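Visitor: Here the protein sequences line up with chains A and B, keeping their order. Following the numbering used here, the numbering of the first sequence begins with 1 at its first residue and continues without gaps. Following the numbering used here, the numbering of the second sequence begins with 1001 at its first residue and continues without gaps.
Just so you know, the hints here were simulated from the structure itself, not pulled from any lab data. Errors might be hidden in some of the hints.
[To be verified] Cβ pair distances, simulated, as ranges:
id, chain 1, residue 1, chain 2, residue 2, range
1, A, E140, B, I1290, 35 to 43 Å
2, A, E86, B, F1304, 35 to 43 Å
3, A, E115, B, L1138, 24 to 32 Å
4, B, S1149, A, I170, 28 to 36 Å
5, B, P1052, A, P114, 37 to 45 Å
6, B, F1013, A, Y14, 50 to 58 Å
7, A, P114, B, F1013, 40 to 48 Å
8, B, A1010, A, K111, 26 to 34 Å
[What the hints assert, rightly or not] Capping the alpha-carbon separation at 25 Å, the derived lysine-lysine pairs in PhoX-like fashion look like this:
id, chain 1, residue 1, chain 2, residue 2
9, B, K1002, A, K112
10, A, K64, A, K48
11, A, K16, A, K48
12, A, K134, B, K1129
13, A, K188, A, K96
14, B, K1224, B, K1002
15, B, K1048, A, K111
16, A, K94, B, K1076
17, B, K1266, B, K1033
18, A, K26, A, K181
19, A, K112, B, K1129
20, B, K1043, B, K1033
21, A, K134, A, K188
22, B, K1129, A, K111
23, A, K248, A, K26
24, B, K1129, A, K88
25, B, K1007, A, K94
26, A, K26, A, K58
27, B, K1002, A, K55
28, B, K1265, A, K94
Here the structure is a predicted model, which means the values were calculated and not measured. We put the CB at the ideal spot given by N, CA and C, even for glycine.
This is what each chain is made of:
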Amino acid sequence: MVEIYAVENLSFSYGKNEVLRNINAKIYKGEFVGIVGPNGSGKTTFLKLLAKILKGNKGNIFYKGRELKKIKNIDYAREVGYLPSEIKLTFDMKVKDFLILGRYPFIGRFKKEPEDVIYRTGEIFNIKNFFEKKMSQLSEGEKQRIYIAQLIVQNSETILLDEPTSHLDIGYQFGIMDILKALNNNGKTIICILHDLNLSACYCSKIILLNKGEVYKIGSPEEVLTYENIEVVYNTKVLVYKNPFTNKINVFGIPSSLL
Amino acid sequence: MKSEMWKIVAVFFLLIFAVYFGIFWGSEIYSLKKFFNLSEIEKTIIYKIRIPRVICAFIVGAGLSISGIVLQSVLKNPLAESYTLGISGGASLGTAIALVIGNIYLIPFFAFIGSISTLFLILSISIIKRFSTSSIILAGISLNFIFSSLVLFLVSVLNYEKFHSTVLFLFGDLSSFSTKILIYSGILIFLSFIFLSLSGKVYDIISIDEEKAKTLGINVNFEKNLTYFISCLISSICVSLSGIIGFVGLIIPHIARSIFGSIHKKVIPISFIIGGSFLIICDTISRVIIRPVEIPIGVITGFFGGIFFLFLLFKTEKIW
């Protein structure tokens, strides 16, 4: 197994406020990793450190055996793509103009990229009929598909996503996760923050459960998403059961007011 | 694709019309036929007065437009430009101080210091106070008023004869620029224009999302500082040529985006031409509207710009 990330004793603070403490984790090529945990557990900070957006951490992150700090941003951008939890376009643009910006790490400031590079991705993602549309004309789910397509235009081997399904209805949630699963089957390493434990149980091969800035548990969905772990970390009662159709774990919340 | 060609052709026609209008119209109106047998005085008027003035108007209009676009992109604020951020006001205070010291060659330098310190003042306030995009603009316009008052105060105390011309300067005035700095100004603005147009992709990406830009390999802090530097340079050149002309950097990019989309490698050159032509036309209107008396160009741009700004405020309210 090829090691993609090795995180060693990673800590991070915003000023005096320590948000991550002593994180240790390994991520291998081809894994589909879900980062889960309650609000404020440090998920986004962890992902941004992996994406090389935040700096100033204690401890080390290694990417393919090299210290992350020592890799140039532009070289890193040729292998690792990142999707923030929310993109707010200041100015509207056409879908194809948006997609082609994913080529920036390869062509830089002055060169021009021929448009045909985006057509293959357009076919795979079935979005060619959107190319001439404006981004503002798309629904949230369609936009999310374009954002992920841009990561593929960027040719990212490793894809980091911050809650890619948060604004979507259940149909689109599965749609987006299916796309990520298909990319994963083609060899991409996927690392994404998920709010929905059931989605993470359905799709992920490895789950990192964060609690108050520390790794509470790391492992397969069956190992991590036990009712004992969830009840401690999320401070609520749950029933964990196998979904008879998918044979994957399902977490049923039990509100205390109804007990 | 074809319709885009026609739009570009139309923009060039606008430029040709503006240049024609600027050269042949004024306190005296010449016909095209007349152009080929001019008297000596008329030649002087055209070659020594009108053509430099058309060039100056073009440089200022084009410069203000492109500095507006890139500021809007890096600040993710469609209302940003050198006037609404107070940069022009800062440059005018710098200019006034240089004039008080009495060295004309210091003007561009002091104007630049004034503009860039204003920009950093306003950005630091907005970061510390977590200002919304519209609060930044309010602060910028307030700063403009403070600086204008300071300039008038300085002039009243030290050199009252210049009070009238200073008022004109603060309102934007193309009648008294120095032809000595025209050529250097033109070259600097043209070089900035080339650089910014070629960097279009960077502005596209930064205006999408800063974190996204970082993970696409862009050094966001460097690009932002470079943009601040270049746009302050352009604004201070424009102020030292023509005083404070507001809203051009707001109107022109907005029009260009609504016609050509917001891909910067297109919008920057298009705005450069439309902005230059627009200011030539405004300047000519200011010369002919109550002929032979000339009114400051700021009266024309301020009137249309103010209305346009209000319109934009009402329209963008929905977005934020």
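Visitor: Does the hinted range 28 to 36 Å hold for S1149 (chain B) and I170 (chain A) at CB?
Guide: About 60 Å separates the Cβ atoms of S1149 (chain B) and I170 (chain A), which means 28 to 36 Å is violated.
Visitor: Holds or violated: K26 (chain A) with K58 (chain A), Cα cutoff 25 Å?
Guide: 17 Å, holds
Visitor: Next pair to validate is K1265 (chain B) with K94 (chain A); report whether the Cα-Cα distance is within 25 Å.
Guide: 14 Å, holds
Visitor: Run the distance test for K1007 (chain B) versus K94 (chain A): straight-line Cα separation, threshold 25 Å.
Guide: 18 Å, holds
Visitor: Is K1002 (chain B) close enough to K55 (chain A), meaning Cα to Cα at most 25 Å?
Guide: Since the Cα atoms of K1002 (chain B) and K55 (chain A) sit roughly 48 Å apart, the hinted pair is violated (cutoff 25 Å).
Visitor: Is K1043 (chain B) within 25 Å of K1033 (chain B), Cα to Cα?
Guide: With a Cα-Cα distance of about 14 Å, the restraint between K1043 (chain B) and K1033 (chain B) holds, given a limit of 25 Å.
Visitor: Does the structure keep K16 (chain A) and K48 (chain A) at a Cα separation of 25 Å or less?
Guide: Holds, at about 19 Å.
Visitor: Take the C-alpha atoms of K248 (chain A) and K26 (chain A), compute the straight-line distance between them, and say whether it is at most 25 Å.
Guide: Holds - the C-alpha atoms of K26 (chain A) and K248 (chain A) are around 23 Å apart, at most 25 Å.
Visitor: Is the straight-line distance between the alpha-carbon of K1002 (chain B) and that of K112 (chain A) 25 Å or less?
Guide: 21 Å, holds
Visitor: Regarding the pair K188 (chain A) and K96 (chain A), is the alpha-carbon distance no greater than 25 Å?
Guide: 23 Å, holds
Visitor: Given the hint that K94 (chain A) pairs with K1076 (chain B), test it: the Cα-Cα distance must not exceed 25 Å.
Guide: 18 Å, holds
Visitor: Lying within 40 to 48 Å: is that true of the beta-carbon distance P114 (chain A) to F1013 (chain B)?
Guide: 31 Å, violated
Comparing the model with each numbered hint stated earlier shows that hints 1, 3, 4, 7, 12, 14, 15, 17, 19, 21, 22 and 27 do not hold.
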